[in-house]
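Residue numbers (my numbering), protein chains in the order written: chain C, 9 to 542; chain R, 9 to 542.
Don't read these hints as lab results, they were simulated from the structure.
Don't take each hint at face value.
No copy is singled out in the list; a pair is fine if it fits within one copy or between any two copies.
Claimed, not checked - Computed cross-link-like contacts, SDA-like style, restricted to lysine to any residue with a CA-CA straight-line distance of at most 25 Å:
| hint | residue 1 | residue 2 |
| --- | --- | --- |
| 1 | Lys27 | Ala112 |
| 2 | Lys152 | Asp35 |
| 3 | Lys424 | Asp202 |
| 4 | Lys443 | Leu235 |
| 5 | Lys424 | Gly323 |
| 6 | Lys441 | Asp35 |
| 7 | Lys443 | Ala97 |
| 8 | Lys440 | Glu403 |
| 9 | Lys365 | His86 |
| 10 | Lys365 | Asn171 |
| 11 | Lys440 | Gly116 |
| 12 | Lys142 | Arg51 |
| 13 | Lys484 | Gly116 |
| 14 | Lys152 | Ser287 |
| 15 | Lys424 | Asp183 |
| 16 | Lys484 | Asn69 |
| 17 | Lys443 | Leu37 |
| 18 | Lys258 | Val161 |
| 19 | Lys424 | Asp283 |
2 protein chains.
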Amino acid sequence: MNESTGLFAAAEVGNTVSKADYERELDALRVQLLNLQYDLRERGFSVVLLIAGDDRPGCVNLLRNLHEWMDARYLQNHVMFGSDHADAAERPALARYWRRLPPAGRIGLFLGGWPSSLLRAALDERWSSAEFDKALDHLSRFEKLLVDDGTLVLKFWLHLPRNVVQKRIVAARADPEKHWDFAQHDWDVIEQYDEAFDLIERLLRRSNRVDAPWEIVESTDARYCDLRIGGAIARALSARLSDPVPVPEKVPFVAEIDGHSLLGQLDLSLTVSADRYESELTALQALVNQLSHQACEAGIACVFVFEGVDAAGKGGAIRRLARALPVQHSRVIPIGAPNEVERAHHYLWRFWMRLPKPGEIVVFDRSWYGRLLVERVEGLVPEEVQQRAFDEINEFESTLAEDRFVVCKFWLQIDKDEQLERFSARARTPYKKYKLTPDDFRNRENWDQYQVAAHEMLARTNTSYAPWSLIGANDKRHARLQVLRIVADQLTESLAEAANTATESGRMRGKQGKKGKKGKKGGKGKAAMKRKKK
Amino acid sequence: MNESTGLFAAAEVGNTVSKADYERELDALRVQLLNLQYDLRERGFSVVLLIAGDDRPGCVNLLRNLHEWMDARYLQNHVMFGSDHADAAERPALARYWRRLPPAGRIGLFLGGWPSSLLRAALDERWSSAEFDKALDHLSRFEKLLVDDGTLVLKFWLHLPRNVVQKRIVAARADPEKHWDFAQHDWDVIEQYDEAFDLIERLLRRSNRVDAPWEIVESTDARYCDLRIGGAIARALSARLSDPVPVPEKVPFVAEIDGHSLLGQLDLSLTVSADRYESELTALQALVNQLSHQACEAGIACVFVFEGVDAAGKGGAIRRLARALPVQHSRVIPIGAPNEVERAHHYLWRFWMRLPKPGEIVVFDRSWYGRLLVERVEGLVPEEVQQRAFDEINEFESTLAEDRFVVCKFWLQIDKDEQLERFSARARTPYKKYKLTPDDFRNRENWDQYQVAAHEMLARTNTSYAPWSLIGANDKRHARLQVLRIVADQLTESLAEAANTATESGRMRGKQGKKGKKGKKGGKGKAAMKRKKK
């Protein structure tokens, strides 16, 4: 055994495959991989194939071979080594992977991918172990989310013993024309091998999930590496495809009515006179306009989420807010049932795709909370999937908060009588009739269940970094002003924070960031929920 | 009539609408617009709604009103004033509009849009009339392409007489809090009114197509403007929706065999020995590797297009090329039948979506030429649509060339016997069987028609700025080396050009650019087609 130790010992034994064996085995392997690809197309899950390693030329070679063996139409390649790629500066950093996730029935091959970016950042920015572990935990939760969603996650680490690397570097330098495919790679990680070694081992150990294990493969002999990994892919795909196709079944939502819900405590009787409304509206819109322009200029990304029962007045409140936002930097996104492409991805995918860039504002008219509301009450997803969604959503919003996104979530609440009155008004107004659908009445029949689901959602996703604001909305004017006030407060706070921390922004990544800063408020717990009375 | 003249005279007469009239008419208009939106959803065309003008606050107000009146789920807003928006630096400039084009059944509302960007650039960069007209012609051809594709293009220019502008500026400055929605807009165009006036008139006159006319609307009175434009949208949509739904019919392709075709003259007998192939391949890949790295570093965007009959060896040639390209900056994109989203757009849309950014290389395995090959021979589109495609494709590639994209197009030619032999070989090789489909044999039956269609395609789209390279491919080794040689030549030439013109790159936009530079070669005409013999 040479100087490398630990995890890599088994990947330095000098495995080789003869050319004749290679060609014979490869023929069979190619047929198998192609057939598995076609079987996969008919099934409702995707495959994430992560190929990383200290042997980058080996990784590239493997990618090119897999591309040749398989049907390129159903295999998407994403080469993402270290921080080289174009969107390395994108925030949240995970967005770059979300965007490239394959839909159900397809394979997405990530070369380098998140492990590579993580190592690069850790080496460049000299992270502490704690910082490294924290970032790794994020990625591990990302993988968990994929696995939980049914994605088959296969991870291979291509290892080249150090003496082989050294020989190859010498050869490449002596004859660069012959070794261009080897010499084209930058050798940062290799040259930082000593430093990198501990990190790589830590990475491989800590991100080695039972349901998404690392396979460390000796890549000294390309033929051995090809067959080993090709075979592993075929076996894993074959095993998964032989699982029975799950039959979706409706899961009745059992609501336990609790008299002391958060929503029951909300005062719905607050009203604002028409005169006061007009003058306050103008003043608040002017204020929000000014603050939102400043926020955009400061490069802050804002996410405003609106939820509430049908006819709670989300649309009207959003329009009053939207009028005050800079029209060039803001978007209102109505969320309905997912389309075909969206259904072929994780339910959070379409929201990741629509996040604001720095200096942009996105208003979601309904949101990812659909999973915890309509999907839950209608029993569209199994209980364990719903339960996971609480964590997934909190994790999603925490990712945003760490990248200093402003996240404001509004729940607009009306009572059952008010809803009926509004439905009737819609039915009487010709241009509002379209808003009234059979769904509305079905949802109304499930009023109590919705209230219980909403209570649980509000309680369990009300975090210090992304608190809910509960708005009594029986009086539309009161609700609209409340929304504007809260947005103004939040923007003021975030602008002050941005000014304070502008100087340390370069050191943000991997640090606690906003979440940490807000920690001092954490003690409030559910009291962080905003219920302004004015 | 006040000081403004010409086109705007009719938009300065002081039209107003009373509040009572407004509310009454608006109720009916909203119902009409909603119903038209729902009817549109069932139909196979899209609507591009262009709202621009010297009255920007008026434009924004109109956008917000339309958004309130219509069903926001089927109305996509794109605010693109001047050069403010994030992707103003994107090339080709048209890509930013292509990306935002609505699919069939939807309305895309562009605020400012291409007219606004054009005016901004012309004012900022002090274009000559010739430069202005040239850019305008490009945009006009873009609109023609949309109209030809069945898109309903509606264009409104909101005009505010100068004395009204002046009054509003005075009021906004005196009471910014009250007039925040007015004061938030930058006043560049207004402040450059004298200079801008001629340009605006020129723009409105020259881009006033019969099938996509400008409607100039006085926006002094917002109520008048609202009803006038809302009504115009409703009338235009209603008229188009009452057109009979076109019934697609197959159009037989009549091939006239011409003994003197370009392909007939191609020497298919050239071969390369296995030994020479190995050594030349390595040397050429090393060269292409080096040059492509330099091209990426120089920010050059490259498009390599591969076409040819079935089994001509495109895949093998592409793989040898791809192995030499920097893996992080290059992509191979196999083009098959369009998916549902792609079918809801212009046939060029999916290629615009996949263009390389500066410093990227995209290899298309089949391409937009499908329209002139398989779609033509199979009679999938009417003759006039095919004929338009020649111009549209030449225009598309000219747009790329003007932005200094490298465009290499390869036609790989084999003879009919060679094809049969390769089909048989595929049938014998287990992992190649999947490449053989019933389509291949149907296409083979249409061999002569394909040859005629290919000849006409090659002849009519062989431009000085995007020439075809015809490759005799009966010998795969010969073909693969030829492709690499041509790529190496083209990259060498483009790198030299980039070095020469690096200093004047700031002044490129709107100038002749690469196309102009290559003009001296134009005399060669079809001789520009590359048929290297080696």
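Going through the hints against the structure:
1. In the homo-oligomer, the alpha carbons of lysine 27 and alanine 112 never lie at most 25 Å apart, since the shortest distance is 36 Å inside one protomer and 54 Å across protomers.
2. In this homomeric assembly, lysine 152 and aspartate 35 never come within 25 Å of each other (Cα to Cα): the closest approach is 34 Å inside a single copy and 52 Å across copies.
3. Taking the shortest alpha-carbon separations for lysine 424 and aspartate 202, neither the intra-copy value of 67 Å nor the inter-copy value of 59 Å comes in at or below 25 Å.
4. Taking identical chains as interchangeable, the C-alpha atoms of lysine 443 and leucine 235 lie at most 25 Å apart only when they sit on different chains, with a minimum of 22 Å there against 58 Å within one chain.
5. In the homo-oligomer, the alpha carbons of lysine 424 and glycine 323 lie at most 25 Å apart inside one protomer (18 Å), although the nearest pairing across protomers, at 64 Å, exceeds that limit.
6. Proximity of lysine 441 and aspartate 35 under a CA criterion of 25 Å is satisfied inter-copy only: 12 Å between copies versus 63 Å inside one chain copy.
7. Taking identical chains as interchangeable, the C-alpha atoms of lysine 443 and alanine 97 are never at most 25 Å apart, the minima being 41 Å within one chain and 40 Å between chains.
8. Proximity of lysine 440 to glutamate 403 under the C-alpha cut-off of 25 Å is found in neither arrangement, the shortest distances being 38 Å within a copy and 45 Å between copies.
9. When the C-alpha separation of lysine 365 and histidine 86 is checked against a cutoff of 25 Å, the pair qualifies both within a copy, at 22 Å, and between copies, at 16 Å.
10. In this homomeric assembly, lysine 365 and asparagine 171 never come within 25 Å of each other (Cα to Cα): the closest approach is 45 Å inside a single copy and 39 Å across copies.
11. For the identical chains of this complex, lysine 440 and glycine 116 are inter-copy neighbours only, at 22 Å across copies versus 44 Å inside a copy, given an alpha-carbon limit of 25 Å.
12. When the C-alpha separation of lysine 142 and arginine 51 is checked against a cutoff of 25 Å, the pair qualifies neither within a copy, at 35 Å, nor between copies, at 51 Å.
13. For the identical chains of this complex, lysine 484 and glycine 116 are neighbours neither inside a copy (47 Å) nor across copies (30 Å), given an alpha-carbon limit of 25 Å.
14. In this homomeric assembly, lysine 152 and serine 287 never come within 25 Å of each other (Cα to Cα): the closest approach is 51 Å inside a single copy and 48 Å across copies.
15. In this homomeric assembly, lysine 424 and aspartate 183 never come within 25 Å of each other (Cα to Cα): the closest approach is 80 Å inside a single copy and 43 Å across copies.
16. Only between protomers do lysine 484 and asparagine 69 lie at most 25 Å apart by alpha-carbon distance; the minimum there is 22 Å, versus 62 Å within a single protomer.
17. Only between protomers do lysine 443 and leucine 37 lie at most 25 Å apart by alpha-carbon distance; the minimum there is 16 Å, versus 55 Å within a single protomer.
18. For a Cα distance limit of 25 Å, the shortest separation of lysine 258 from valine 161 qualifies neither inside one copy, at 28 Å, nor across copies, at 46 Å.
19. In the homo-oligomer, the alpha carbons of lysine 424 and aspartate 283 never lie at most 25 Å apart, since the shortest distance is 27 Å inside one protomer and 84 Å across protomers.
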